[in-house]
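2 protein chains.
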Amino acid sequence: MNVKDDYKDDIIFNEEKLKEALFTHDIRAFRNEYLLLHPYDRAIFYEKVELELRKIMYHYLSPKELAEIFETSEIDEHEYKQFLQEMDTTYAADMISYMFVDNAVDVLNELDKSQVVSYLTLMNKESAAEIKALLHYEEYTAGSIMTTEFVTIPQNSTVSSAMTILRNEAPGAETIYYVFVVDYDNRLTGVVSLRDLIIAHEDTLISTIMSERVVNVLVSEDQEEVARMMKDYNLLAMPVVDFQQHILGIITVDDIIDVLDEEASDDYSKLAGVSNMDTFDKNSLSAAKKRLPWLLILLVLGMLTANLIDLFTETISKVALLAAFIPLIAGTAGNSGTQALAVAVRGIATRDIEDESKVKLLLREAGTGLITGLVCALFVVGLIYIWKQEFIIGLLVGAAIFVSIFVATISGTFIPLFMHRMKVDPAVASGPFITTLNDVISIIIYLGLATLFIGDL
Amino acid sequence: MNVKDDYKDDIIFNEEKLKEALFTHDIRAFRNEYLLLHPYDRAIFYEKVELELRKIMYHYLSPKELAEIFETSEIDEHEYKQFLQEMDTTYAADMISYMFVDNAVDVLNELDKSQVVSYLTLMNKESAAEIKALLHYEEYTAGSIMTTEFVTIPQNSTVSSAMTILRNEAPGAETIYYVFVVDYDNRLTGVVSLRDLIIAHEDTLISTIMSERVVNVLVSEDQEEVARMMKDYNLLAMPVVDFQQHILGIITVDDIIDVLDEEASDDYSKLAGVSNMDTFDKNSLSAAKKRLPWLLILLVLGMLTANLIDLFTETISKVALLAAFIPLIAGTAGNSGTQALAVAVRGIATRDIEDESKVKLLLREAGTGLITGLVCALFVVGLIYIWKQEFIIGLLVGAAIFVSIFVATISGTFIPLFMHRMKVDPAVASGPFITTLNDVISIIIYLGLATLFIGDL
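As you go down the protein sequences, you meet chains A and B in turn.
Counting in full-length UniProt numbering, the first sequence runs from 1 upward without gaps.
Counting in full-length UniProt numbering, the second sequence runs from 1 upward without gaps.
Excised from the complex, chain A in its bound form:
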């Protein structure tokens, strides 16, 4: 979500005073106080206030004024529908038409087809056309987050004529700090920053001060890739083009911040087995719905492990102490697996991994597995000896922990890399496999060895 990247002011506001004004139907007092606020703060108030007061606000604020509120990041996507239903349909349509196109599209994407159509038919042709043009782009592509409100200048213009164009376009454009230069056929040929423009002499030809090889992305590019590029190249806006280099729109830095943020909490929630956790749940049931699938999968896989242990009941009934260390071993394997998994998944997300060879990476992880496994094994042998003066059982546990940490670390790296290659999202799919694999291997080694050396126990 983005508002024009102008600098707006004020962070503290008087909630009571605003409510008071609404209660007493004092429109002037309300508008004087409210419109002074930063759109983000207006959104906070708008969101919090009781329904009946919000309904009054719809009469006190113009669709255009409300549009600014809807463009802040405070209003969550799943709230759009509800808020829009509170409004008079034409009022809502007007408001959407006043939003920046990319944000308007975000809003409409949350609604049912029928609603979208009714809003589009109610708003002026021009806005409707702009919105329709963006609506058909696939989610998570550059096209889906770009805006069409940007400034282009013909490459044969001078600095002064460019400044004139800027001054005229400024009010509508989402950013004017980069000006994109196009040829007669609207193909992207260069870019000039406003910084360069105001330094340059006004008779200078744009073509002489513009950068000719512009960083740009295809409209079909993945939005996370765009975000990474803008972060790396430190751009405030990225031009989006088609195969013929025609400029279709721009993506501004504030949209990119949101993308990076989502991407991060996304990987994070998947590691924890909570799918799309980024929006915070408002009730238990929906939270449970999100978490159950994962828990149930792991239960089924856990039964495999139980099944396996069951094969060794004889050994266990002889030396019940063996059972005591099963969770310890499985747990440790799980932990080291998760660590390796986290490093790999994060590395894939931030593309650090692509910079180096997969083989080198696996070898390094193998080394890490050996070291951590060895240390933990020796450590646990010591612990068990101190605690129970049991040396042989200690050795069994140590051996199991050593091997399972080693395997867990490698699989925790290999499996996500493999899935990434297979175009499966490694973050979501890797977890259960690795956990189960670790459990199975560690238990086979542990109870297997135990059964062999049962005589010495």
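Take these hints with a grain of salt, some might be off.
Claimed, not checked - Cut-off 27 Å, straight-line C-alpha distance, at most; resulting in silico cross-link-like pairs (DSSO-like, lysine-lysine): (1) A/K388 <-> B/K318; (2) B/K360 <-> A/K48; (3) B/K17 <-> B/K48; (4) B/K48 <-> A/K358; (5) B/K358 <-> B/K423.
Stated by the list, open to error - Part of the chain A face toward chain B, derived, beta carbon under 10 Å: (6) I309; (7) T313; (8) G448.
It is worth saying that the hints were derived from the structure and are not from the lab.
Predicted model only: the values in this text are computed from it and were never measured.
For each residue, glycine too, the CB sits at the ideal point set by N, CA and C.
Fit chain B to the known structure of chain A by using the hints.
The following block gives chain B in isolation, referenced to the frame of chain A:
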């Protein structure tokens, strides 16, 4: 890391051609090709190329030109030291003095005190003074990431005089898209965006078009809080002030993107028990060092669990099948705990949680725990009956899973909230506690019940 927020061009470059030029000591060919690249791409080449070639680059590039490369995000903080050591000391000092102050400080923070001093003494007084001024700010505060290269104008100036100031300052300033207005005592009194400036008539008084209540942060503010504010208020730059509202510096949006990125991978890595994983390890040993502490802590805590199970050896030796389900139960408790933990930690980080009452949150999680617990319990009873026609053992496992999921979900929420209140980072500290707590509780219930009903087994 940030370069001037100008729009630079070109993303693809000819690595071989550049190397060739260095080998043949063709300085002109090298500079012609190299300086056309975006600083980020220059950094990629600089980083990759062999040491001896890089040494040649130090002769072919001016300290100022190299400074631009060092300001890209491609150069990792832990690489600064090594690269600087390759350079002639005065050359290095010069280079640092040409960097934006905030980046120069980032570099120096990676070095030993003695090195810092030697560099500071070698560079010109002015830069040294600017850097020293920033060096003493605590890490992770606004002061530590702000730059002092920003543009201020007196509040009594006109648009045209402001533009003149801008044109002169533009080359040195990190951003000129916001101009901060100050009074005679350099106190922040307002802000004007370049957008407003170029639209306004040149005789207009700044005081009439500036926003008076500027969003700003104290120099001691936490950097994550600053990042959140800039994201929410959609700012390209944030002024940093002292208690008397004197403007000390600005923080630009690109620095904030890095902060948000680090913060995210930070929480993520802590959830997985890999401290500060954000930089990707280049060798096994350092990776092992990072992961071992966590593994060892969990081993010790795991011994508690083992100790506990050991109390029930008698029961287990009678019905060894009981042991088969211990990992299943502990695992499920662990998983649901991690889910709750992830939601809470992420909620705290994104401040979603602050918007609502802690009590409501805990109640909701309790509800989630009840639902998920119940479903999983019934599910597992079914599984065990199908698999082993064991009904009573199934009930025991089910009961244990129900209670432990319930407890795990609540503790997974309560503990991080409590730690947050106690000003301990919930992401890093919560994990082991919750895991152990879950194991202990689930096992007591499971084996406790089993011992009670041993007759029926």
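Right, here's what the structure says about each hint:
A distance of roughly 22 Å separates the Cα atoms of A/K388 and B/K318; the hinted pair therefore holds under the 27 Å criterion. A threshold of 27 Å between alpha carbons decides the hint, and for B/K360 with A/K48 the separation of about 16 Å falls inside it, so the pair holds. Straight-line distance between C-alpha atoms of B/K17 and B/K48 comes to about 14 Å, which keeps the hinted pair within the 27 Å bound. Between B/K48 and A/K358 the CA atoms are separated by roughly 17 Å; this keeps the pair inside 27 Å, and the hint holds.
With a C-alpha separation of about 16 Å, the suggested pair B/K358 and B/K423 falls inside the 27 Å cut-off, and the hint holds. Proximity of A/I309 to chain B holds as hinted, the smallest CB-CB distance being about 4 Å (cut-off 10 Å). With a cut of 10 Å, the hint placing A/T313 at the interface with chain B holds, because the nearest CB-to-CB distance is about 4 Å. Given hint, A/G448 at the interface with chain B, is violated; its Cβ is 15 Å from that chain's nearest Cβ, farther than 10 Å.
The earlier numbered hint that this structure contradicts is number 8, and it is the only one.
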